[in-house]
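Enquirer: These are the residues of each chain, in order.
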Amino acid sequence: MERPRHQGMAKNTNMRWRLPLVCLLWEVAMIVLFGVFVRFGPEADAHWEEEKRELNLTSDMENDFYFRYPSFQDVHVMIFVGFGFLMTFLKRYGFGAVGFNFLLAAFGIQWALLMQGWFHSFKNGKILIGVENLINADFCVGSVCIAFGAILGKTSPIQLLVMTLFQVTLFSVNEYILLNLLHVKDAGGSMTIHTFGAYFGLTVTRILYRPNLEQSKDKQGSVYHSDLFAMIGTLYLWMYWPSFNSAISEHGDAQHRSAINTYCSLAACVLTTMAFSSMLQKKGKLDMVHIQNATLAGGVAVGTSAEMMLTPYGSLIVGSISGIVSTVGYVYFTPFLESRLHIQDTCGIHNLHALPGLIGGIVGAITAAAATEDVYGKEGFIKAFDFTGVYQTRTPSVQGGFQAAGIVVSLLMAFVGGAIVGGILKLPIWGDAAAENCFEDEVYWEVPEDEESDVYHMHNPDKPASP
Amino acid sequence: MERPRHQGMAKNTNMRWRLPLVCLLWEVAMIVLFGVFVRFGPEADAHWEEEKRELNLTSDMENDFYFRYPSFQDVHVMIFVGFGFLMTFLKRYGFGAVGFNFLLAAFGIQWALLMQGWFHSFKNGKILIGVENLINADFCVGSVCIAFGAILGKTSPIQLLVMTLFQVTLFSVNEYILLNLLHVKDAGGSMTIHTFGAYFGLTVTRILYRPNLEQSKDKQGSVYHSDLFAMIGTLYLWMYWPSFNSAISEHGDAQHRSAINTYCSLAACVLTTMAFSSMLQKKGKLDMVHIQNATLAGGVAVGTSAEMMLTPYGSLIVGSISGIVSTVGYVYFTPFLESRLHIQDTCGIHNLHALPGLIGGIVGAITAAAATEDVYGKEGFIKAFDFTGVYQTRTPSVQGGFQAAGIVVSLLMAFVGGAIVGGILKLPIWGDAAAENCFEDEVYWEVPEDEESDVYHMHNPDKPASP
Amino acid sequence: MERPRHQGMAKNTNMRWRLPLVCLLWEVAMIVLFGVFVRFGPEADAHWEEEKRELNLTSDMENDFYFRYPSFQDVHVMIFVGFGFLMTFLKRYGFGAVGFNFLLAAFGIQWALLMQGWFHSFKNGKILIGVENLINADFCVGSVCIAFGAILGKTSPIQLLVMTLFQVTLFSVNEYILLNLLHVKDAGGSMTIHTFGAYFGLTVTRILYRPNLEQSKDKQGSVYHSDLFAMIGTLYLWMYWPSFNSAISEHGDAQHRSAINTYCSLAACVLTTMAFSSMLQKKGKLDMVHIQNATLAGGVAVGTSAEMMLTPYGSLIVGSISGIVSTVGYVYFTPFLESRLHIQDTCGIHNLHALPGLIGGIVGAITAAAATEDVYGKEGFIKAFDFTGVYQTRTPSVQGGFQAAGIVVSLLMAFVGGAIVGGILKLPIWGDAAAENCFEDEVYWEVPEDEESDVYHMHNPDKPASP
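Protein chains in written order, with full-length UniProt numbering: chain A, 1 to 467; chain B, 1 to 467; chain C, 1 to 467.
Any given hint might turn out to be false.
To be verified - The calculated label-pair distances, taken between Cβ atoms and stated as ranges, are: (1) A/Tyr391 / B/Asn124: 40 to 46 Å; (2) A/Trp118 / C/Arg394: 51 to 57 Å; (3) A/Asp386 / B/Val28: 34 to 40 Å; (4) A/Ile429 / C/Ile424: 57 to 63 Å; (5) A/Phe415 / B/Arg16: 34 to 40 Å; (6) B/Lys123 / C/Asn56: 33 to 39 Å; (7) C/Gly423 / B/Leu341: 52 to 58 Å; (8) B/Asn212 / A/Lys283: 40 to 46 Å; (9) B/Thr372 / C/Asp386: 38 to 44 Å; (10) C/Glu449 / A/Gly423: 52 to 58 Å; (11) C/Thr388 / B/Lys123: 47 to 53 Å.
Simulated from the structure, these hints should not be mistaken for lab results. Just so we're clear, the structure is a prediction, and the values are computed from it rather than from any experiment. Just so you know, even glycine gets a beta-carbon here, dropped at the ideal spot from N, CA and C.
Between the sequences and the hints, there should be enough to build the whole structure, so can you do that?
Expert: So this is what it looks like as structure tokens:
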């Protein structure tokens, strides 16, 4: 054990000046840019009283805050507790999982408010923000949390910040292309968040391939308690996913419908995940990896179509399929990706986000293509797909085609963007740990020296296991 | 230790084909039935624009989604995180607690949407669902989670699914009798959820009595960390109970009142629980079992009456009493039930749900019987008890009588139903574990082999403690 | 180790009669006082139908319940899970942290409903309560949870209840002086909750100074898992703080604006905290103490000004500064306070609540003084600062002066009140533990005897570590 450890120590993982520098410069930049560009939108501005009169609104209830704030808070919990705790399954990377997720998300939402603001909320030289912008910023950062899952335990916090910076930028461009240029619907982000985020992260981890990663294999697993911490993340993601998919849908029936479809899809997904988890294991035992992850595939897979008239049974079908695909992915695809394609995917985001994201994009395209005025009602049809203005004459089948194009664009952006960003992250200046120190909090965190430590810190170079 | 273990191994607990078969067949059945019956209700359907015009609604805010969705999400958290984590107190059954609760609830809500839909939301051959149906499905499954508490650690996942199937069915029938035939008020489910669910579960566990359960006595306790995990469940149940009791009350004052009454009752309950927990222990130390459970009795005990004019001080009284009854129950009744009546109640649901549920039913009957037009106002009185149509002439005292009848009906359904379902679960085909393997995740779960395992797995038959 | 332990055992920490007596007497008093004084407010009363007609309200949505209930639930989670779990970082005081927090908060909210009710909701001899009262009661108790952080692990549950009784009373008086007499704005409670609560707690812990506390130094740290439990508390506080600061703001734009400002401030705070945590440590490693606490300073520091036109970039600046101040406080001030001023501050509330609370008060005063009709609009200006009635002629700069006066009053109340209450708590009748038994759950809790116990209970006097 001596040699690789010393080899590892040769790598400079000291963050003392690099991390503070990046964080502080970044925050100063944010303050300047927010100062120049960001202002309250009309519904959050103190001029709202006048605005209300102008718009002839009789109640403060008409403020978008009351339509979206509860959903926003649910989404917020998903990003910080959901993703954060889902990744605490590793036995010695709990601080990194929840702490770095916290760092990159807090970093990313500020940049996302700007990037998305320039594209979508820019008026008279100012970005006017409201609760919907907060949700969208959380969404955008969600795609970074997904990508983080692929490289979990193998990167320095600075690498994560650099990745966040670029990924938020690319996310916003991709989102602009899909929503504005292609006029695609994707309220729950099957394409923009999951497909893009996952394939971006997979490309990055491919570029950062570590041939000697088996040196830290003993730390790549879970312990009993870390699996329970991870279940906190899983359940909050699962429970609040109906809010995720409905958070930015149109007021009224669309939000209502999104929540119901997602609820149904997720319920079905749990059953097929449990079925296949048991079936694919010789002794029929359930595997926590599947329960923690594949049960969520149903939420991803209706991300695009939840606000459409997918119907409850349609949701059950989609949820069932995605649970199966995801579980099978964990058993067969992940080992294949690692051994053959050199894609080391710590959390298995390929199974939880990439494949279900693709399913979600396809289901969305089909559901859109199959839409009829009969099913949606004349007004509902126009409202659901926003067939107004220049899109007045677009037909459902054309919309389906554009939806499909959205998948392709997201994939391209992910592959190209991920390759470039992966290349940047490969530079030897970011302070990532050596292979044998991956998945280990001690590298970047003060870890308490406690009575239990002898059990845990066997490989702690500063403290011999047997004195 | 050798003999019983081998005896245990003789039992076939392999789930490999049975569990997948049940899950997949079930999901296919759900898809077919949803396809035939379930559609979006008018407020979730894309025709809502037309509906709005017809109903003369001026704002999307009038969509029921905005009245109930925040409460729905709170209830959702209670079912999956609340019940799930409350049961993680066992030292080696955390995966089973949170995982099987997840499985049975996801299974049950689909069936509940159908069963309750046929009884309450059936129009022109279709079940029309909206957010209130989602809440009711969660409620229905809540009664199964309660019953699960009695048999926790002693049943196979298939037994749980079979029980869920039957219990959801019986719940829906009982609910129909109470709400529609007896015209009883029970918004927070003291009778339909807690009394029914708890006595159903207690009857099932009585039928499944295991005379040799002391063989796994060492695993029936908690460890330090598992008690903290359980507190997550407790607190989420406690905090969100005001949402639970108000989730399906009438819009406006009734929801508002329910939340306040429940808040008050729960606050009082914590104090009396702490008082009796300390008083009933020789050294005056507090017992986590009481804090985790009896503090919640106040929510159960105002389940029926919270939406009535119980008043804040009335809530304090009910909460105080239920905390005392519940704590005393843990100290004296649970051991009595086990030794004399052969009722092995793992989580003590008799103290948390059965007794407080009965209190809740009785308090509801009294509060209803004591109602006057003076206290409620003329319109409020009619609205609170829905004294319209054929019930126009019903008096408060008659209503009180029907409320009391609701308790009796719920008890009968629970005993008879529990006995039948218990008998079915006793069949030797479901793969339950031998007595000495109860309360042990290894039977049905892949458990991580970690450094700590030597401490934990002393009794693991596959791996001797001392090599 | 023998002498101090026996010395410790000489202290009578048995709660058997004292704790039940206090709890039960208290609850009886609450029932009587609620019976005499507390009634439902018009929006929770069954007469609401008539009220609606009188007020010409066309929709149940106008009930304050729908404007505030989602925020109330978020605040509720912050008080019980947020504060409770944040304090579980101690390796052997998890039960006490989450359990005593539960006890004192449940005790305090009842008294707060009365005290605040007499001051703010008293009409015709009755306190009329609604959802806003529930939020305010939670807020009031929040200040006690903060003070609890300073004395965590060193006091008996009875001391905590006595402190709660007095602190809630003083809080309500201070709040009355600020909000009603000085006409100060403080929706998120930088002054009333954080400054008052923190300096009150620091004064109490100064009075209760324990010179021999290093005897329990081994228990004052965290272990790996306890730090993860604490992160649950941190994240829920962080995520829901926008709800905290906006919960009792005016309907519409003020609630909306508060949430946005708080969101921005907190995001910035995370980055500067991470930066300084790394910078101030020789090896550049991050310290969980900072991440768990200083990341929250941004929420405290915009508590007063969040509902004003602070603007998003203003929030970023305030959040950035407060993260730096708080982290520096943990590294330099806390040791100084302990060694020089004999202030033993277990959780470092001086850094998380006291300093950021002062910042918050000052920022509020400046923001108010800088307000113009141009920025707020004519009506918005009057609405934001409630410049009506006798305050019609108050100018922004005068308002700023009164805001500053509010800080001074809060500090005085905290110091004087804390000194008196600290003196009362110093009486030798409350059953606090000896210095060497501090930070140890065994004193007041039944702690499970598990296989792991040999590791943990090294110092357990009843069970020798090596048999």
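Enquirer: Next step is simple, just say for each hint if it's right about the structure.
Expert: These are the hints, each one checked on the structure:
1. For the hinted restraint 40 to 46 Å between A/Tyr391 and B/Asn124, the CB-CB distance of approximately 34 Å leaves it violated.
2. The supplied range of 51 to 57 Å is broken by A/Trp118 and C/Arg394, whose beta-carbon atoms lie about 40 Å from each other.
3. As the Cβ distance of A/Asp386 to B/Val28 is approximately 36 Å, the hint placing it in 34 to 40 Å holds.
4. At roughly 59 Å, the beta-carbon separation of A/Ile429 and C/Ile424 lies within the given 57 to 63 Å, and the hint holds.
5. The hinted window of 34 to 40 Å between A/Phe415 and B/Arg16 holds, with their beta carbons roughly 39 Å apart.
6. Evaluation of the 33 to 39 Å hint for B/Lys123 and C/Asn56 yields a pass: the beta carbon distance comes to about 34 Å.
7. C/Gly423 and B/Leu341 have their C-beta atoms about 54 Å apart, which keeps the hinted 52 to 58 Å range intact.
8. Take B/Asn212 and A/Lys283: their Cβ atoms lie about 24 Å apart, and the range 40 to 46 Å is violated.
9. In this structure, B/Thr372 and C/Asp386 meet the distance hint of 38 to 44 Å, their C-beta atoms being roughly 39 Å apart.
10. Between C/Glu449 and A/Gly423, the C-beta spacing of about 56 Å keeps the proposed range 52 to 58 Å intact.
11. Here the CB-CB span from C/Thr388 to B/Lys123 is close to 51 Å, well matched to the stated 47 to 53 Å.
Hint check: violations occur at hints 1, 2 and 8; the rest are consistent with the structure.
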